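Peer 1: In order, the protein sequence lines correspond to chains A and B.
Just add 194 to the spot in the first sequence (first one is 1) and you have my numbering.
Just add 16 to the spot in the second sequence (first one is 1) and you have my numbering.
If you are wondering where the hints come from, they were derived from the structure by calculation, not from laboratory data.
Note that the structure is a prediction, hence the values are computed from the model and not measured.
Note that the Cβ used here is the ideal one computed from N, Cα and C, for glycine as well.
A couple of the hints might just be wrong.
Claimed, not checked - Stretches of chain A that chain B covers, calculated by requiring three or more beta carbons in the stretch to come under 8 angstroms of a beta carbon on chain B:
(1) 260-266
(2) 319-333
To be verified - Straight line, CA to CA, 30 angstroms or less: simulated DSSO-like cross-link-like pairs of lysine-lysine:
(3) 452(A) to 482(A)
(4) 224(A) to 145(B)
(5) 247(B) to 216(A)
(6) 442(A) to 452(A)
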Amino acid sequence: MNRPVEQESDMEQSAQSGAWGKRLAAIREKNGVTVSAVAAELRLEPKMVELIEAEDLDQLPTAPFVKGYLRHYARMMDVDVTPILEAYGRVCGADAPGLTKINRLYESTSKDAAPRSTTWIIVAVIVVSLAAWWWTQLITFKNAPEEEAVVELSEAVPATAMDTVPVDNGAAVNGEAGVELLLPQLQGSVETPAAVSPAPESVAVVKTEVATPLVVAGTSTITLKFTQESWVDIADATGARLFVDLAKSNSSQIVTGKPPFNVLLGNSEGVAIEYNGKPYDQRPHNSKGVSRFTLGAAD
Amino acid sequence: MVFKRFRGMFSNDLSIDLGTANTLIYVRGQGIVLNEPSVVAVRQDRGPGGPKSIAAVGMEAKRMIGRTPGSIVAIRPLKDGVIADFTVTEKMLQHFIRKVHENRFFRPSPRVLICVPCGSTQVERRAIKESAAGAGARDVYLIEEPMAAAIGAGMPVGEARGSMVLDIGGGTTEIAVLSLNGIVYSASVRVGGDRMDEAIINYVRRNYGTLIGETTAERIKHEIGSAFPGKEVHEIEVKGRNLSEGVPRSFTLNSNEILEALQEPLSGIVSAVRIALEQTPPDLGSDIAERGMVLTGGGALLRGLDRLLMEETGLPVIVAEDPLTCVARGGGRALEMIDEGGAEVFSLE
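In isolation and in its complexed conformation, chain B is listed as follows (with noise of 0.2 angstroms):
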C-alpha cells in the first residue's frame, strides 16, 4: 500500500474516456496524451484452447479488423459503452497506462478518473472500476459521462441553471440534464456509431447487392455522411464484394444515400431527445429553450446532426468544440475540482 503511494508519486493522475469506439486519455498539465480506438488484436497459438497473447492494442489492432489470420482475432472489448470482455479490457487499459507513462523507473499507479455512461449498471461499473484497478491504478473514480462532457464543452454545471448535453459515442448516445453539478435527468440509448456503421452496410447490401466492411462504412459516414440535406452533394468511391458475382467491384455513394442509409439510428436519437425534453421539469426546459443544447462525442461531427436537432425539437443546438475530446477533457478537469473541493463536488462513485 505504502509502495503503491510512493510509485504514485511518479505518475500523472489521469482521465479515462473509455470509449466502445477511442479510449482518450488525458494527463493533467499535458492535455490529451492518447487517443486510439477500443480494440485488442488477440493471438491464439496452437489452435483452439492454446495459449493467448496480445498482439497489437490500439490502431495498430484496428487496422488488423477484418484482415486477420486464423491466429489472431481483433476484438473491441467494450460493446455499448460497457465491458464485454473483462480480461481483455484490463489488458488493454494496462497498455494504454504503460503508454502514457513510456519508459518511466517505475511501473505506474495513477489515480484514475473514469467516464461510465450513465445507464450502465452496478455489475458494469464495478467491471470497469476493477478493471482499471487490476491495470494498476492506485485509486479509481467514476464519472457519468454527460456530465464529464458537459464539463469537457466549458457548460456552466455549477450553476442552479439546466443545460443539456448529448453526447453520440460509438455505442451509446448519452441525454442528460444537468444543475448545480449533478444530473437531473438522464438517459442512455443503445444507438451510436457503430449502429450508423451497421445502417450503412445494410444499406449497401440491400440497394447494391454489395458487402462491404465495418472500416470502410466508418470511412463512407466520416466523408460524407450527413444527417440533414445539404445544399451540397457529396459523393466517394468504394470497393465491396458482390454479393451475386462473388467478386470485388467498385460504385459510388453520394451524400444523401448516407442520409437515407442513416434514418433509423437519427431517429432512435431524436426520439430520445424528445423524450428527455417531456422529461425535464419546466423550469431547467425553459433555461435550455434560451440556450440550448450542446453536442459532444464522435457522433456530433455528423454533418447536419445539429441542424436536425433544430429542426426537430425548435430549440438552438450548438456543437461544442473538439467534440471528439470533451468527455476526457472533462474527466481532466473533474479530477482537478476533486483536489480543489474533495470528490464530493460530483457524484463520483
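Pulled out of the complex, with its shape left as it was, chain A reads as follows (with noise of 0.2 angstroms):
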C-alpha cells in the first residue's frame, strides 16, 4: 500500500540531490567538456570540481565559496544558475542566517501599545512610590510626640530620685508607658502611697527613700509646680528649649538638662521652683507678673 508513496519521496529525493552536480555534471557531459577543463577554467582543482558533481557536501568547502564556484561553472556551461543555486541551497542550509534581503523599516509610534504600557508602568511606579513616601512620613510624624513623652519621662526619671515627684493627672495621662516602662525598675525604692491615700486634691505624690539624687554628671533639675496657670520656656546652655508650653494649675513639670538654664515664667506668682532638689525664690525676678532668669549660672 506504502509502495507509491515510498517511490515517490525516493523520486523527489533523488531530483533534489540531483539537481545541482549531477545536474551540471549531465550538462558538462553532454557539451563534450573534461572535468580538467572545467577546474581549469574555474582555477580549481580537480577534485574539487568531482566533488561538487558528486555532491559531497561533507568534504566540499561552506555554501559561499560552493555557492561561487556553481555560479563560474553554470556561466561556463551557458545554463541558469537559480534553480542550480536554490537545488543547493535546499540541501547545504547553512546559508540562512544573516543573508538577509534590505527589510522595510518597522515604524513604531508613541501610540503603539510597547512605549504606552511601559509609560503607563513607569508612572504607576512612580504614583506607588509617592504614596509609599507620603504614608511612612505620616506615621513617623504621628509616632513622633509619644516618643517624644517617653524620651521626657526616661529623661525624668533619675529626678524621682529626689524627695517627691507630684504627678498630676494629665502627666500621667501622657505618659502612661512612660510610667509602666519605668517605673519596675525603682520598684525595690520607690513606695507608691498614691495609689493607695486617698488625695484631697488630683495631684499624686510619689514618695521615695533614695537618699542620693540620680542626677546624672553635668545635668540639673528644675521642678515646677503650678499653682496656677502659668506659661514656661525653659532653654539650657546648649540652647534647646525644654519646655515650652501652657502649664495648667495644679500640674507639675520636671526638666533636665545642662545648665545654666534661661527660665522664663509667666504668671510666676503661681510657679514654685525646686532647683536640683532646692526650692528657689524666683520673686526679685519677677517684673509685672513675668519672671526672666538664669538658673545655675554658678554651677
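These two chains come separately, so use the hints to put the complex back together.
Peer 2: Structure (C-alpha cells):
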C-alpha cells in the first residue's frame, strides 16, 4: 500500500539531490567538456570539481564558496544558475543566517502598545512610590509626640530619686507608657502610696526612699509646681528649648538639662521652683508678673 | 549614566557600515534597516559666516549633489573611508540612528558597532568613535571592515584556515587574510568606486570633450561598467556639457569604452591583491589557492571583476551573496558573537 508513496518520495529526493552537481555534470558531459577543462576554467583543482559533481557536502567547503563555484560553473556551461543554487540551498541549509534582503523599516509610533504600556507602568511606579513615601512620613509624624513623651519621662526618672515627684493626672495620661516602663526599675526603692492614700486634690505624690539624687553628671533638674496657670519657656546651656508650654494649674513639670538654664515664667506668682531639689526663690526676678532669670549660672 | 543605560533598554544594538558612499545600518533581529548615501546637505543662511543648518541627509541629500543653489552645499563627510568633516558626520549619524529608532518614546542610546577601514589611523578611529558617541551611542565598538565583510559573507573566519577577503568600497579597497578570528595580513588602498567614477569622468572629457557629473558617471558605471571583456557589448546614452560648444550634448558610450576607462583604478586593485598574496604566509596561501578569495562591497558588483582577478591571480574568485550589505551584516553578527562570547572574541576596540 505504501509503495507508491515511498517511490514518490525517493524520486523527489533523487531529484533534489541530483539538482545541482549531478545536473551540472550531465550538462558538462552533454557538451563534451572534461573535468580538467572545467577545473582549469574555474581555477579549481579537478578534485574539487569532482566533489561538486558528486554532491559531497561533507568534503566541500562552506556554502559561500560552493555557491561561487556553482555560479562560475553554470556560467561556463551557459545555463541558468538560479535553480541550481536553489537546489543547493535546500540541501546545504547553512546559508540562511544573516543573508537577508533589505527589510522595510518598521516604523513604531508612540501610540504603539509597547511604549504606551511602558509609560503607564513608569507613571504607576512613581505614584506608588510617592504614596509609600508620604505614608511612611505620616506614620513617623504621628509616632513622634509619643516617643518624645517617653523620652521626656525617661529623662525625668532620675529626678524621682529626689524627695517627691508629684505627678498630675494629665501627665499620667500623656506618659502612661513611660510610667509603665520605668516604674519596675524603681520597684525596690519606690513606694507608691498615691494609689492607696486618698488624695485630697488630683495631685498624686510619689515618695522615694532614695537618698542621693541620681543626677546625671553635668545635668541639673528643675522642678516646677504650678498652683496657677502659667506659660513657661526653659532653655538650657546648649540653647535647646526643654519646655515651652502653657502649664495648667495644679500640675507639675520636671525639666532636666545642662545648666545654666534661661527661664521665663509667666504669671510667676503661681509657680514654685526647685533647682536640684532645693527651693529657689524667683520673686526677685518678677517684673509685672513675669520672671526672667538664669538658673545654675554659678555651677 | 544610569539614565543612559535605562534608555539603552529601549534601543536596539546597531551595526553601522559607515562607508564613503553609503551608510548601512543592521539591527539585530530586523536585518538591514537603512541603506542611504553618506551625503549631507548643509544650508548656510545669510551668506558666508552665517548660521549653518542641515537641509537634508541621505538619499534626499544625494539627489541635491551638483544641483544645489548657492546657499546649500551637499557634502560627503567621509573621504577615503575616514571622516573628513567631523561635525557633519556626527549629525549624519545622529540622523540615521534616530531614523532607525523613529518615533520612539525615549531618545535612543544604542550599543553601536562601527566598521572602520583597516588602514585608518588611531586618530581617524578616535574621530569615528567620538562621532558615534556624540550621536548618542551608549557603547561604541570598532571592527575592521575586512573582518566584518568576511563574517557577513559567511566565511569560516574562526577556523585555523586562511580566508582572503577583498572588500571594494566607495573610497577604499580592503584586502585581508583572516584566520582564527584574527587578521593575519591586511592592506587598504585608496581606490574604490569614487576613483572609478573619476576615471569615467576623465575618460569622457578626454575622448568626447564633454563634461559629465559624478551622478552620471556613477550611473554609467552601474549600468554598463565592466572589468573584463564580455561576450555582449552594452551601450548607454549620456548627456553632458560639450566643452568646445558649451552646450549640453548627448552621446553614446559602450561597455568596452568604460572597461578602458576603468583600467587605472582596476590595476590598482589587482596590484594590491598581488602584494597581499606575496605577503601571505605560505600555509595560509595554499588554503586561499584551494578555496579562493571572496569579493564583497559595492565594487564586487562591477561586471567581470571576479573574472579579471581570476585571470590575473590564477585563483578562484567568488562574489559574496548580497555583497553591498556584507559588512553591515557581518558587524551585526559580530555584535551577537560579543554577546555570546565576550568582546575578546575579536580584536575590537
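Peer 1: If a hint holds in the structure, say so; if it doesn't, say that too.
Peer 2: Hints, verified against the model:
1. 260-266: This one holds; 5 residues, not fewer than the three required, reach chain B with a Cβ under 8 angstroms.
2. 319-333: violated (count 0)
3. 452(A) to 482(A): Distance ~28 angstroms between residue 452(A) and residue 482(A) Cα, so the pair holds.
4. 224(A) to 145(B): violated, 58 angstroms
5. 247(B) to 216(A): holds, 27 angstroms
6. 442(A) to 452(A): OK: residue 442(A) and residue 452(A) at ~25 angstroms, within 30 angstroms.
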